[in-house]
Structure formats: C-alpha cells, structure tokens
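Visitor: By my numbering, the letter at position 60 of the sequence shown is numbered 60, and the numbering carries on one by one without gaps.
Mixed in with the good hints, there may be bad ones.
Unchecked claim - No farther apart than 25 angstroms at their CA atoms in a straight line, the calculated lysine to any residue pairs in the SDA-like style are these:
(1) 356 / 412
(2) 410 / 287
(3) 356 / 334
(4) 445 / 144
(5) 99 / 241
(6) 446 / 458
(7) 376 / 351
(8) 284 / 421
(9) 99 / 197
(10) 419 / 328
(11) 268 / 446
(12) 361 / 341
(13) 101 / 178
(14) 264 / 487
(15) 136 / 252
(16) 419 / 402
(17) 268 / 336
(18) 264 / 336
(19) 334 / 370
(20) 334 / 383
(21) 107 / 389
(22) 446 / 436
(23) 99 / 284
(24) 419 / 335
(25) 446 / 426
(26) 399 / 374
(27) 334 / 252
(28) 215 / 194
(29) 136 / 257
(30) 99 / 287
(31) 363 / 351
(32) 349 / 330
(33) 334 / 369
(34) 330 / 203
(35) 363 / 375
(36) 284 / 404
(37) 215 / 203
No lab work stands behind these hints, which were simulated from the structure alone.
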Amino acid sequence: PPCFQPSTEFIDEMPPQWPWLQPAAAAAAARRATPFVLRGRRCSSSVPASVCASAPSGHAREQEDEQSLVVVGGGAAGVYASIRAKTLAPHLNVVVIEKGKFLSKVKISGGGRCNVTNGHHLEPSGLARNYPRGYKELRGSFFRTHGPQDTMHWFSDHGVELKTEEDGRVFPVTDNSASVVDCLLNEARRLGVSLQAGKSVSGASVDANGKFVVKVEKRTIDFVDYISANYVLVATGSSQQGYSFAAQHGHSIIPPVPSLFTFKIADKRLADLSGVSFTRVTAKLMLDGIQKSAPELTQTGPMLVTHWGLSGPVVLRLSAWGARELYQDKYQAKLVVDFIPDIHIEDVKRILFQHKDQHAKNKVNNAFPKEFGLVKRFWGFLLEQESLDGDMHWATVPKSHLNAMALRLKQWMFEVVGKGQFKDEFVTAGGVPLSEISLSTMESKKQPNLFFAGEVLNVDGVTGGFNFQNAWTGGYIAGTSIGTLASKSILKEEQACLQLQGS
C-alpha cells in the first residue's frame, strides 16, 4: 500500500496573489488532473509495507507526491534533459510540455539533415569562441561537462551513426534528421517520460512547501490543468512563453533580437548572380555603432549570392556577431568583401597586367585569369561595374581600369539595407542573462529548483552545429542536477520509512 492516499490539498495552499487560481476553479482542475499530478510516492520495495501503512497521516502528507519534474519546451534541450534526469532518477516523474510539435527545429535543421554538433572545435575555450553571446562564460566547465565528443558518443551509443564533414559539421550518415528525432523521442518514451504536445504553460506559483504548481492550457480547447512539481526546467527556445515564466520568478530578460540571417543588398543588379557561390572570401562588416574594428566582424569562408543579396556561412557568422548592433541600426551597414583573400593586391595587379599582355587579341569576357578562381557570370558582372564592354580586346583595356578591377576584387563594398531569414536555423540573441543562473547546475539564482537550458538563455552560436551543442550541454547539465537532487530526496524518504520501522 502507498505511504499516503492521493490528495488535492496542495490546491488550498496556493498563494492568493494569482487571480486565476480561484478555489472553485482550482478544485475543479484538481478533480480532472492527470495521473501524473495525483500519483503518490511509494516506499521502496526494500521497505516493509506494514511500515508505510502505519505511517502517521501528518508524515504521509509530507511525502504526498513523488518527486516530479515539469519540462517546459520539447526541443533539443528539453528532451535531452528529460532523458538525462530520468536515467539518473528512474522514480522521478517527468513530463515534457510542448505547445507545438516535439523537436521541430531539430527536424528542419541543416536542410532536413540535422546538424547535430560541430566536430572541429573540441577544446572548450576554442568551442566557446563560436558563441557571440556566451563566449566569455562558456570557456569554463560548461563544455567540459558535456562537449561535442560526448554528444556524438551519446547518439552513436543509441544507434545513430554520425559523420563529420569537411567544415566540421556533424550529421547522421543517413542525411535524415528523422533518425535523430526518433532516437530522442523513443529513448524518452522507453524511460517513461510523459510527452505532451499541443499544450502550453502559462505560469506557475510556488506553494508553502516550496513546490511549483504549474498551470497548463491546451491550445485547441478550453482546458486548464494544474501540475504539482518539485522541479521545473524552462527550455522554450526563443518563445515568449519562456521569457514570461522567467520574469514571473524574478529574472530579468535581455530583449531578444534576430541572429543568423542573410543580408539584403541595395544593388539590384546583384540578383543576376543568384546562385553563384564562392568557396573562400573574407568579409568585413562595418557598423556605425562600432568605432574600432572588432576581430569577430571580419570572417573568412564560403559565401553565396541570392536573389535578394548575400548568404552563406560568412554572412551568417557576421549577422550573429553584429546581431544587436544591426538591430539598433535598422539593418543598415556596409559590407566589404575580398573575393580573393589569398592573393595580395599587388599580385592581383601583376596577374591582370600579365594577362593583358598574354591575351591581347582575346575578348575580355572570354579570357580571364584562372588564378582568381572566379566563374564567368561573376567576371561579367565585374566588367559591368567597371563599365567595360565584354567584347573589347584585352589590348585596349586601360591600365587604370585594371588597377580599379584589382581594388574592387580585394575591397568590394556592398550596402546592406535589410535582413533576410535563414529558415533552417532561426536563432535569437537575448533571453535570461547567464549571470542569473549557475552554469555548473543550470539552476536559477532567483528561484530554487527552477532550471534553464538552451536558447531561452542569452546564449547563441554561429551556424555549424553550435546552437544544438549549447542545447545538448545545457540540457545534460540541468538533467544531471535535477536527477541527482531527486535521487537524494527519494533516498531520504526511504530512510524516513526505515526510521519509522525502528520506532
């Protein structure tokens, strides 16, 4: 027999300052509460049933509920944390509440392939440099606790074979995010985690015993439920739901702004180059709000021309590092691009002059230096910018034009007039300040037993698997902390039962 009978007394202990917790409504909610809410804590099988049965009623009420965890948000951080907590504390009741579909961002990331993590930045301090918000704080024990290698081992151990591509991005060998999604959800279900989609958490009070009373609403119907929980983990990503919950419990919120987006460029003629890619350029973002040059605002790597402007890893990294300043400047900036960063400008001029001498009788549009690694469409665009007719012969090109072409290839300035959206990995900068949580446990410094993980915090990474790694690491640490606390609490309860037997 259980140490106690299921009860709804916790409803009567709710603070009066919450207007929606009216006694009649709360009592009605308790009567239709899910089994998760009302399921009682049972003594260990090692404790004689007679001891539990003889426990005084007061003692029974002290142990009224099993240890329980409510995870708000069914993304990467939330699901990963629920698995870790349940693994460490099998008796812990765990419910994950997701207002939409579970792991929706995991499913679409990397063009549907799921960029699980990054395999080229394994040392914590080097890894932390890929986080525009968080790079100072994450240099310590955060990634040492659970880094990219740990993440890769976890998925491999659970049947998802991974591969590391040349640029460091890690994907399933199937190139299909479904394997990652299925792995996480199946493991959660196997452990007994309750996954509840189509519901949202609109708040939580803390009762006289320090337990959370979480208000849950169903999106499609007029439905309200209340869940009593010892621990709450907020892993809502950039959703307002998480920010509101955090603010309700004393946290400040750094206003969220977009990060990881493409640049809209003023020059409409650039649209003619849509689809042209460059394997290696160096781009520098020039912002009015920054007087001196910040090293992070110069990036080298691949770039892509789109029908509205510029995209690719270089642009996305610049958008992340300049996210807040770009927002403040209404996405107006200058972008200086070096299309041949491995060739010095004097060597560029020399190559152009030599090419003119060697191909004097050729048309400039048909013969151009192969050393630059440029495609014909882009070369034609360059000629247009210099008002040169593609049918003219190299012999007739003035040296002044060759010098101007060299300068443009090395310092081509584009006017940024807005932002596009990188749909595969939409990320925000902002959220709960890292100074308000303990990174060693992910627990709030404002409210005991309240935890945070993932993008709800003021942490965001550049493209390449870094945002998911933040989610895996934060979720793992939070899950470890909660699972450890729950195991200790359960052990204390069992010891209390044994003490009663002795008395």
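Visitor: Would you mind marking each hint as holding or not holding in the structure?
Guide: Outcome of the hint check:
no., hint, result
1, 356 / 412, "holds (22 angstroms)"
2, 410 / 287, "holds (19 angstroms)"
3, 356 / 334, "violated (32 angstroms)"
4, 445 / 144, "holds (22 angstroms)"
5, 99 / 241, "holds (10 angstroms)"
6, 446 / 458, "holds (16 angstroms)"
7, 376 / 351, "holds (17 angstroms)"
8, 284 / 421, "holds (20 angstroms)"
9, 99 / 197, "holds (6 angstroms)"
10, 419 / 328, "holds (13 angstroms)"
11, 268 / 446, "violated (51 angstroms)"
12, 361 / 341, "violated (29 angstroms)"
13, 101 / 178, "holds (13 angstroms)"
14, 264 / 487, "violated (53 angstroms)"
15, 136 / 252, "holds (20 angstroms)"
16, 419 / 402, "violated (33 angstroms)"
17, 268 / 336, "holds (17 angstroms)"
18, 264 / 336, "holds (14 angstroms)"
19, 334 / 370, "violated (29 angstroms)"
20, 334 / 383, "holds (22 angstroms)"
21, 107 / 389, "violated (49 angstroms)"
22, 446 / 436, "holds (7 angstroms)"
23, 99 / 284, "violated (40 angstroms)"
24, 419 / 335, "holds (13 angstroms)"
25, 446 / 426, "violated (29 angstroms)"
26, 399 / 374, "holds (21 angstroms)"
27, 334 / 252, "violated (33 angstroms)"
28, 215 / 194, "holds (17 angstroms)"
29, 136 / 257, "holds (20 angstroms)"
30, 99 / 287, "violated (38 angstroms)"
31, 363 / 351, "holds (17 angstroms)"
32, 349 / 330, "violated (37 angstroms)"
33, 334 / 369, "violated (28 angstroms)"
34, 330 / 203, "violated (33 angstroms)"
35, 363 / 375, "holds (16 angstroms)"
36, 284 / 404, "holds (20 angstroms)"
37, 215 / 203, "holds (6 angstroms)"
Violation of the numbered hints given earlier is confined to hints 3, 11, 12, 14, 16, 19, 21, 23, 25, 27, 30, 32, 33 and 34; the remaining hints are satisfied by the structure.
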